[in-house]
Amino acid sequence: IQWNLRGLTTRYNELKMLINKIDPDIIALQETLTNNPNLLNNAGAKKYNWYLTNPSANQKGGTALGVKINIPHQHLQQTTELESVSVKVHLPSQSPTTFIAIYLSRNNPKHKNTADYKDDIQKLIEDTPKPYIIMGDFNAHNDLWGSSKIDNRGKAIEQLIYEHNIILMNNGNHTRLDDSTGNTSAIDLTLSSRPINNSTWEVLDDTWGSDHFPILIKINKKTITHKKEPKWIYEMANWKKFQDELDNSLETNRIETATELTQTIKNAAHQSIPYKQNTTTAKTKLPWITPETEKILKHRRKALRKLKNIPENHPDKETALQHFKEARAESRSALKTAKQKYWEDFTATINDRSNPADTWKKINALKGKIPQFQPILHIDNQTLDEPQQIAETLAEHFQNISANRSIPQQIQIHKEKQEANVKKIRKRSRQHQTYNSQFTKLELDWALKRGKGKSEGEDQIGYEMLQNLTEKAKNTLLKIYNDVWNSGKIPAEWKTGKTIAIPKPGKSPNDPNSYRPITLLSCMGKVMERMVNRRLTNLLETNKLLDDRQHGFRKNKSTDTYIAELEEILVKAQRNKHHIEIGILDITKAFDTIWTCSIINQIAEWGIGGNMGNYIKDFLTNRNFKVTLGSKASLYKKQENGVPQGAVLSPTLFLIAINSIFKVIPARTNILLYADDILLISCANGPKLTRTRMQNTLLKIEKWSTKTGLVISKEKTEFLHICKKRKHKPVPNLKLGDIEVKKVNNGKILGITIDSKLTFQKQVNEVKKSCQRYINIMNSLKNNQYMASRKALINVIKGTIAPVLSHSLIMTSRKQNNLQKLKTIYNKAIRIASGAAISSPIVSVMAEAGQLPAEYHTALTLSSKSINIMANNNIEKESIKRAKTLFQSLTGKTIPQIAKTIMINPLQQQIEIDWSIHKKHKAGQTITENITDTKKLITEKYSNFQKIYTEGKIEQGNQIYSYATNQKQAHKATLPPACSKFTAEAHAIYLATTEFRNPQRKIVIFSNSESCLKAIGNQITGHPTINKIIQETQRKHIQFCWIPKTMIPITNKQTTTIETKTPAKDAKKFIKTQIKQAWQEKYEGLETKLHHIKKTTNPWNDRIIPIEQKMLTRLRIGHSKITHNKHTNQNGPLCETCGTKITVKHIIEECIKYDGQRKECGLLGKVEIDLSNQHENERRMIQFIRKTGLIKQI
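Sequential numbering of the sequence shown, starting at 1, is according to UniProt numbering.
Treat the hints as calculated values from the structure; they're not laboratory data.
Hints are not guaranteed to be accurate.
Stated by the list, open to error - Subject to a maximum C-alpha distance of 27 angstroms in a straight line, what follows is the list of computed DSS-like cross-link-like pairs (lysine-lysine):
id : residue 1 : residue 2
1  : Lys762    : Lys881
2  : Lys504    : Lys452
3  : Lys714    : Lys415
4  : Lys240    : Lys474
5  : Lys742    : Lys757
6  : Lys149    : Lys118
7  : Lys877    : Lys815
8  : Lys735    : Lys703
9  : Lys504    : Lys748
10 : Lys589    : Lys714
11 : Lys452    : Lys489
12 : Lys972    : Lys1069
13 : Lys46     : Lys60
14 : Lys828    : Lys1192
Stated by the list, open to error - So the derived label-pair ranges between C-beta atoms look like this:
id : residue 1 : residue 2 : range
15 : Glu1010   : Asp755    : 51 to 57 angstroms
16 : Gln388    : Gln909    : 51 to 57 angstroms
17 : Asn198    : Ser713    : 43 to 49 angstroms
18 : Ala115    : Asn198    : 36 to 42 angstroms
19 : Asp755    : Ser713    : 20 to 26 angstroms
20 : Lys424    : Glu1010   : 48 to 54 angstroms
21 : Lys762    : Thr1140   : 49 to 55 angstroms
22 : Thr1073   : Glu605    : 47 to 53 angstroms
23 : Gly1139   : Arg1186   : 22 to 28 angstroms
24 : Lys716    : Asp755    : 18 to 24 angstroms
25 : Thr1073   : Ile1050   : 27 to 33 angstroms
26 : Gln1080   : Lys762    : 36 to 42 angstroms
27 : Gln820    : Ser406    : 48 to 54 angstroms
28 : Glu330    : Ile1152   : 41 to 47 angstroms
Since the model is a prediction, treat every value here as computed from it, not as a measurement.
Heads up, the beta-carbon is just placed ideally off N, CA and C, and yes, glycines get one too.
Put together the whole structure using the sequences plus the hints.
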């Protein structure tokens, strides 16, 4: 496409629509009138790389050339001063062609002399490598390309065409519409240095709001039919019919294998779920194009056709021109309104209950999500664009990564040696036999619930089908899983995957190395993987087989625990005045190059055998994949090494494979891992010793790399030296193999930039830059009349800005000036969301919006992170001390001691919960009848059981107790004040499982806590006390029974007091409550205008119409345009009627000018009432502001 759009900002919506409709590979634009690439990126949905020239000083002109990012190309620098951009493009089946976008203004003073005009173009032609295509607005007339006249510029172009044997691609159609006369002309040209076969040049039939028509050029373009894969339409599924068909098949057929069950499920699905067959990929319609706007656009095109069909000088020409201008203006306004309305509705779906992950998706959609498109590969000067060819090429590339032939010879020797001595998996494991037991129905139900997404493997069975299986089908599936578990032979279809090539961000889309393989495997197979993985991770964690310094892919480990550990090492070194060196290492293609023999040897060494060992061994062998691209697929390829990216079990197996690295690290060198990201930290008194230790560690890691096949990328490895000295004696450079390791001043670790002085200023600046992008989005969302709601904007902050601010908070909070900079970002975001005036005191802004001020928000975030760290590790780290100090300074309270997380292996046996009394209670049984039935149950069903009664309660003074008694003895525990009633009830049950011992009798525990008993029965919880109860239940024969509270006996027996700690969830709730309470207390002590109106810091209900809410916000705070005009003196503007200072109170209560409007609208003349949150008062106030005409001044 080439088009003079006459202003990118003005024609933004039309350009977006044009790109969406045509989907061009290359776009040449003239008269952009801007040098802002973000507008172009958003208009093109980020599918293009854009190259721009700046407009002139008076913002005239400007050119842009966009090339799809999946087409190989390179930007060429020009020696000419013309407004032109050159890009060399590698088109399929053609030699590289240079495309030029050019704009030659008629008002350019240099080109008033035609000779200069011609010379500049000639220089551009001579300097441009052939072949080339020049597209642009030349502002030249000649009948050679259809003009009705010939001017000097036209003659100059004609001479150049003949002198350089240039091909003119124009077909004589006019390309410009004169706004003043309605006449058309031809001044946009397309020039080619050579003839182009099968090319077309077409002027589109609409100006799209400009005075130039877009021109569509097709150059020997092959039509590639790109079809989607068929898919199930689950939204239209008849699940009742699916289940009936499934049960009928299971009754008439004996199903014993995974293949048979797969076919049975597919047969039932074909009868009950629509299956969308291959269809050509359709263009996505812009969401803000409604039937109403389509109608208006159609009217504009009709008016343009009518204008073009009227000859020049015809009496109806002027009327037709006027009608066209009106239609164009109407369409422009309609597009703007439709888009703003769409944004309003779109952001209204973001509320304070939205999941932050969903908010991210919505914000990305609003910014213009990068679409998935067919890759075009450029290999050895050859461009590949056929889907089948690309799929085969990518398959070969992915296979080569994991192939034995790609392993260097010196490393291959070690691999062969390991394979020759691979350890045998024990048939029967000597310990931890529970992990080899048969899978239970509970485990199957748990695994099925956790299946997410609509992606399917080769068998075309999705998670939604499996989640809608009947009980009969589930039992059949469970039997098949246990057959596989016992035999150690995984069905071949579960080990065959279809691989999707996912482009890596910021990488060239034309290079196979820029794609990451994600394998879609059988969902049926992944459900079993999930059950196996749960048992395996529990085995690894409870027996401490994985090194504690690995923080990736592990429960209760995270980036926070990693960063806290790193800070602890750095602070200790600084305290000892040590030099510090940090080595940042990267493993090349880590998941794809793991040796399967390494994993098998490691699990055998740990004694993991039996079903578990055999399953893992079979999982790692004989795996195949094919690369799919739409409906095209490569031939099957064998994966010789590595684990499939996309398998549930792969991350855990990777942790097993890399765990051996910790054995080779010297004692005086620290190492931290987050999955495959390796961080080495060397500390010593002097730089030489520090460097020596780091070099020795690198040598050991290099040897480890050779023996394991996990190759360290020498090019990506870098190190950072940290010390307070400006200069020190030179020391030898670090080397990895024969390559010198790159020294950097700033190192990137898990997205956090660490500088050589540990000031974290660069990290703070990067955080500010990142947050500013989202603030810009918020600014566009609060656009005047069609602004997004305040709730939506605040949730945008929670989903985007808050996570960015908190990610590096453990490090950045070490210095107060860093916190001050982050505070500014937070304040700015909340101010924008609330709609408050820029002069408003920030404490009033926060209180009116119902949000925590920055320092309180920081304390809450840092305390929550510290609780997560304490739940994993009892050692008090620097970040925990800092969080405790900050929390105490604001609240006067201390963060409670945190109960450590308990790892259990649940779901392997049913826990008996008796709900018989509860069901009668829920059915409406009277209290008397309920008590009678309970007594009968206790005396008859549980006559031979030891009976223990439990209760958790909160007494006066917020004293929290857990209580358990068998009526002969009693145990009572006083819990920390931060604990919840749920924890008290759970702890009471735990006392019953541990403090009463009578091995000869079975135990029944009576409780009135429905929530606790449900958690115990489901066995799916992170609560440490519930997990301890489950552990005790697995060791003893214990039953549980719900009874009403009135049946819990009270005894006067002496009680024993047992100390306990606070679960992490309770502690987080406690600190949140305390911080909110502290903020409320501080707010009550402030003298602000808002405090007379709003006494609480809790959020008030917002108005539905955002502009009304913005108005009320400013009135309540007392700062608005009329009261705090920046052009007035410090005392503020004076009322022209009363001669006193204008304030909100003056307008609402005092000013005689508005007496009539106050009376008419029913105001009481008291700000604390008229500006309250009552709906009727708000309605009256809004009516008053509108009637007084003050809305724009507020």
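Verification of the supplied hints:
With a C-alpha separation of about 25 angstroms, the suggested pairing of Lys762 with Lys881 holds against the 27 angstroms cut-off. In summary, the hint linking Lys504 to Lys452 is supported, as the alpha carbons are separated by about 23 angstroms, within the 27 angstroms threshold. Under the criterion of a C-alpha separation no larger than 27 angstroms, the hint pairing Lys714 with Lys415 is consistent with the structure, at around 21 angstroms. Restraint check: the Cα-Cα separation between Lys240 and Lys474 comes to about 16 angstroms, which is no more than 27 angstroms; the hinted pair holds.
Distance restraint check for Lys742 and Lys757: the Cα-Cα separation of roughly 18 angstroms lies within the 27 angstroms cut-off, and the hinted pair is therefore satisfied. Under the criterion of a C-alpha separation no larger than 27 angstroms, the hint pairing Lys149 with Lys118 is consistent with the structure, at around 19 angstroms. Between the alpha carbons of Lys877 and Lys815 the distance comes to roughly 16 angstroms, so the proposed pair stays at or under 27 angstroms and holds. Of the pairs offered as hints, the one joining Lys735 and Lys703 holds, with about 13 angstroms between alpha carbons and a cut-off of 27 angstroms not exceeded.
Taking the CA atoms of Lys504 and Lys748, the gap is about 18 angstroms. The hint holds against a cut of 27 angstroms. For the suggested pair Lys589 and Lys714, the alpha carbons sit about 13 angstroms apart, so the restraint of at most 27 angstroms is met. In summary, the hint linking Lys452 to Lys489 is supported, as the alpha carbons are separated by about 26 angstroms, within the 27 angstroms threshold. A hinted pair counts as satisfied when its Cα atoms are at most 27 angstroms apart, and Lys972 with Lys1069 qualifies at roughly 24 angstroms.
This hinted pair checks out: Lys46 and Lys60 have alpha carbons roughly 25 angstroms apart, not beyond 27 angstroms. The straight-line distance between the Cα atoms of Lys828 and Lys1192 is roughly 22 angstroms, inside the 27 angstroms bound, and the hint therefore holds. Between Glu1010 and Asp755 the beta carbon distance is about 54 angstroms. The supplied range of 51 to 57 angstroms therefore holds. Range check, Gln388 to Gln909: about 52 angstroms between beta-carbon atoms, so the 51 to 57 angstroms window is met.
Between Asn198 and Ser713 the C-beta distance comes to about 45 angstroms, which sits within the given range of 43 to 49 angstroms. For the pair Ala115 and Asn198, the beta carbons lie near 38 angstroms from each other, so the given range of 36 to 42 angstroms is met. With their beta carbons about 23 angstroms apart, Asp755 and Ser713 fall inside the hinted range of 20 to 26 angstroms. Remark: the range hint 48 to 54 angstroms for Lys424 to Glu1010 is upheld by a beta-carbon distance near 50 angstroms.
Restraint check, Lys762 to Thr1140: a C-beta distance of roughly 51 angstroms satisfies the suggested window 49 to 55 angstroms. For Thr1073 and Glu605, the hinted distance range of 47 to 53 angstroms is satisfied, since their beta carbons lie about 49 angstroms from each other. For the pair Gly1139 and Arg1186, the beta carbons lie near 26 angstroms from each other, so the given range of 22 to 28 angstroms is met. Between Lys716 and Asp755 the CB atoms are about 19 angstroms apart, so this pair conforms to the stated range of 18 to 24 angstroms.
Range check, Thr1073 to Ile1050: about 30 angstroms between beta-carbon atoms, so the 27 to 33 angstroms window is met. Checking the proposed 36 to 42 angstroms range against Gln1080 and Lys762 shows it holds: the Cβ atoms sit about 37 angstroms from each other. A beta carbon spacing of about 52 angstroms between Gln820 and Ser406 agrees with the range 48 to 54 angstroms that was offered as a hint. Range check, Glu330 to Ile1152: Cβ separation about 45 angstroms, and the 41 to 47 angstroms hint holds.
In this structure, every one of the numbered hints holds.
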